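Novice: Letter by letter, the chains look like this.
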Amino acid sequence: MNLVLSSSPHLRDNASTPRIMGDVLIALAPALLASALLFGLRPLAVAAVAVAFAVGSEYLFRRLVRRSNTIGDLSAAVTGLLLALNLPPTIPLWIAALGSVVAIVIVKQFFGGIGQNFVNPALAARVVLAISFPVAMTRWDRTPGLLSAFGIGEADVVTGPTLLEQMRQGAQGEVSLLSLFLGLDKGGCIGEISVAALLLGAAWLVFRKVIPLWTPLSYLAVVGLFTLAAGRDPLVHLMSGGLVIGAFFMATDYATVPLTWKGQLLFGLGCGLITSLIRLFGGMARACPSRSCS
Amino acid sequence: MAFRRPFPGGAHPDPQKRTLDAATLRLDPPAAARLLVPMAMHLGAPARPLVAKGARVLVGQPIGAADRPMSAWVHSPVSGTVTAIRRILQSSGAFADAVEIASDGLGEVDPSVRPPDVVDRASFVAAIAASGLVGLGGASFPTHIKLSPPPDKAPDCLVINAAECEPYITSDYRACLEEPDAIADGILQVLRYMDIPRAVIGIEDNKPRAAAALANALKAAAAREADSACRAAAEAAEIRILPTLYPQGAEKMLVHACTGRTIPTGGLPHDVRVMVLNVSTVGFISHYLATGMPLVRRRLTLDGDLAVGPGNYDVPVGLMIADLLALTGGTRGEPEKILMGGPMMGVALDRPDTPVIKANNAILVLSGAVAALPAETACIRCARCVQACPMRLLPTAIDAAARLEDADLLEPTNPLDCIECGCCSYVCPAKRHLVQSIRLGKTILRTAQARKKAEDGRRRAAKEVRP
Ligand code: SF4
Ligand code: SF4
Chain A
1 MNLVLSSSPH LRDNASTPRI MGDVLIALAP ALLASALLFG LRPLAVAAVA VAFAVGSEYL
61 FRRLVRRSNT IGDLSAAVTG LLLALNLPPT IPLWIAALGS VVAIVIVKQF FGGIGQNFVN
121 PALAARVVLA ISFPVAMTRW DRTPGLLSAF GIGEADVVTG PTLLEQMRQG AQGEVSLLSL
181 FLGLDKGGCI GEISVAALLL GAAWLVFRKV IPLWTPLSYL AVVGLFTLAA GRDPLVHLMS
241 GGLVIGAFFM ATDYATVPLT WKGQLLFGLG CGLITSLIRL FGGMARACPS RSCS
Chain B
295 MAFRRPFPGG AHPDPQKRTL DAATLRLDPP AAARLLVPMA MHLGAPARPL VAKGARVLVG
355 QPIGAADRPM SAWVHSPVSG TVTAIRRILQ SSGAFADAVE IASDGLGEVD PSVRPPDVVD
415 RASFVAAIAA SGLVGLGGAS FPTHIKLSPP PDKAPDCLVI NAAECEPYIT SDYRACLEEP
475 DAIADGILQV LRYMDIPRAV IGIEDNKPRA AAALANALKA AAAREADSAC RAAAEAAEIR
535 ILPTLYPQGA EKMLVHACTG RTIPTGGLPH DVRVMVLNVS TVGFISHYLA TGMPLVRRRL
595 TLDGDLAVGP GNYDVPVGLM IADLLALTGG TRGEPEKILM GGPMMGVALD RPDTPVIKAN
655 NAILVLSGAV AALPAETACI RCARCVQACP MRLLPTAIDA AARLEDADLL EPTNPLDCIE
715 CGCCSYVCPA KRHLVQSIRL GKTILRTAQA RKKAEDGRRR AAKEVRP
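So the sequences go chain by chain: A and B. To convert, note that position 25 of the first sequence is 25 in our numbering; the numbers rise steadily by one, no gaps. To convert, note that position 393 of the second sequence is 687 in our numbering; the numbers rise steadily by one, no gaps.
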């Protein structure tokens, strides 16, 4: 009889890395779908390219340095999709591809791969792209979406200011909260357009216990309080999808979020503080919190 | 139901208690079967063999003497002939003597077996020491040592462990159903002789029948009791229904859930004036006081997907697991793993020619499909292990420091507080072997601490020489 000797415990839960990453992909899907409905097929193309290049470069890099193949854990796909959601819908596809390669090879694999990187690869790549391609990265055209046939969204290309630009110009008064919530009448990057879709995805992550709630809640609370104190409408601020992406999908990234609930709470507070300061006083063209965190 | 977490963390492994309704069957080894009785079936020093090759032994006859302070007596489980004294490798990694006995199948009882004369605490503790009793729940701590706490730490509460939180195992549950009167009587004896005013029985909420059986038996025992203090204690004994959450039966979790007291790091229950005994242990105490038959048999659960005859069995200590399997119909195909104990904390055996020991509450025979461990992948820092740890440790941090073999990094992560419950490894999505690595970390840290202590001692000695 050949018996296997191993240390206890001899039983394992069915949680696994691919399952967690799969849940994140599922959670990001509604935002991508909303983007297609409102902006057309272009966001889907950007997402497809970003994911393909993220997975492809992880596979090639690991082969090149003769390390185990890790694309099966789906984390590369998550990085690609997350990056795509943080790009403008009109971004040239090659820039999206480049961003994915930077995220995977430089930010993730150079530091040893999954779990070893110290920042969210998608986030870091987003910053690199913003510095390298400032024009392409700040075009917020509203292209006709799949729903335009039904009179929803734009029928022609409109260069829409983002919500934060609108706010800064004091024009936000004319836009209803509901249309902000659904994602109408504002420009923005692919993923941040519909708060409703993002919250749906966030609810999935919470339901599946993928992310702790401490971080996003303390994050959103701080931003809400700050904007209230500054005499602005906190709801309008919370309706910027970028903040929701930042709170639920970026600040909760395992690479950066602390391990204990106290740490997670503090981390959310810190993120909220930085975001608020940049939003209220910063001179950045637009302060998507997902960027201000980095 | 209002669910309050009884302790931080924990896990919900599938209970798989399919032997709940399996009444205990008595198994006797076939004539000429060889039993192997280890001299080290308890924490502490091994017993010293009292018999030589060729000697005839009877059931209940002492064959191993506990002549060191922390040890336990060993008795022959069968009548027969000693065929060898062997050195065997314990699962702890240390070698110890074991007495091999060829059973004659007669079950002739030794004349020394008769009810002990117990009149006071001293004679009670002496009798328990002579019975060879150790904690039957799995920890194998010699019971007479537990019954002799330091005088300034006399317990004021007896906690009875009926939690049985490990998956598969139902032997304590069967004890509650099959001999609740013995358990109630054992509790009363301990309360009486140890002069403890209060008892709390901790049991998980998924075992209502066992809880009811114990409650009835306690009531009946209290009504029979003549001594008024003891009767009052028995009447006040409380059955505490605990949420089903692994590791509820771990000593620290149980004491906290039953008494609200927290055992300090590195401490024992008596540090918070509590005495913890397992249900089967107190059941044995009652039988022993009535009959004088020392601990030579025990109830265990046989289960696992490959066991042909899963169930609860009353078996002699020293029975070979290979024989246990043969007596119960064998196995369905080649087992990949045989566990002594439950799947969360049990020990994997290297061969079926291993004897049943006193603290052995379960034998699990598992196929590769159940027992194979998935490949380890990189930690993704998901914090699940942190959330699951009932001791509030950071398992992933201990794991990282242990793999670097760095004692300075290990020290602040407190690996020595780890109770090796297995929750962290169980929940880890990256399938890290956290407990294995934490054990390694403990060894590294202990070695470093011992070395440091020795060096400090040398330095101090050198200073004294050179005034
Ligand atoms: S559960 Fe596993 S993957 Fe998650 S932090 Fe702990 S060790 Fe890392
Ligand atoms: S670190 Fe130790 S005490 Fe904590 S969950 Fe892991 S095995 Fe249990």
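Just so you know, these hints were derived from the structure itself, not from any lab. Keep in mind that this is a model prediction, so the values were computed, not measured. Virtual Cβ for every residue (Gly too), placed ideally from N, Cα, C. Mixed in with the good hints, there may be bad ones.
[What the hints assert, rightly or not] Restraint ranges, calculated between C-beta atoms of paired labels, are given here:
1. Pro302(B) / Ala136(A): 37 to 43 Å
2. Arg67(A) / Ala346(B): 56 to 62 Å
3. Gly662(B) / Arg67(A): 26 to 32 Å
Novice: Take the hints in turn and mark each one as holding or not.
Specialist: Hint-by-hint comparison with the structure:
1. Pro302(B) / Ala136(A): 37 to 43 Å: For alanine 136(A) against proline 302(B), whose Cβ atoms are near 49 Å apart, the range 37 to 43 Å is violated.
2. Arg67(A) / Ala346(B): 56 to 62 Å: holds (60 Å)
3. Gly662(B) / Arg67(A): 26 to 32 Å: holds (27 Å)
Of the numbered hints given earlier, the model fails hint 1 alone.
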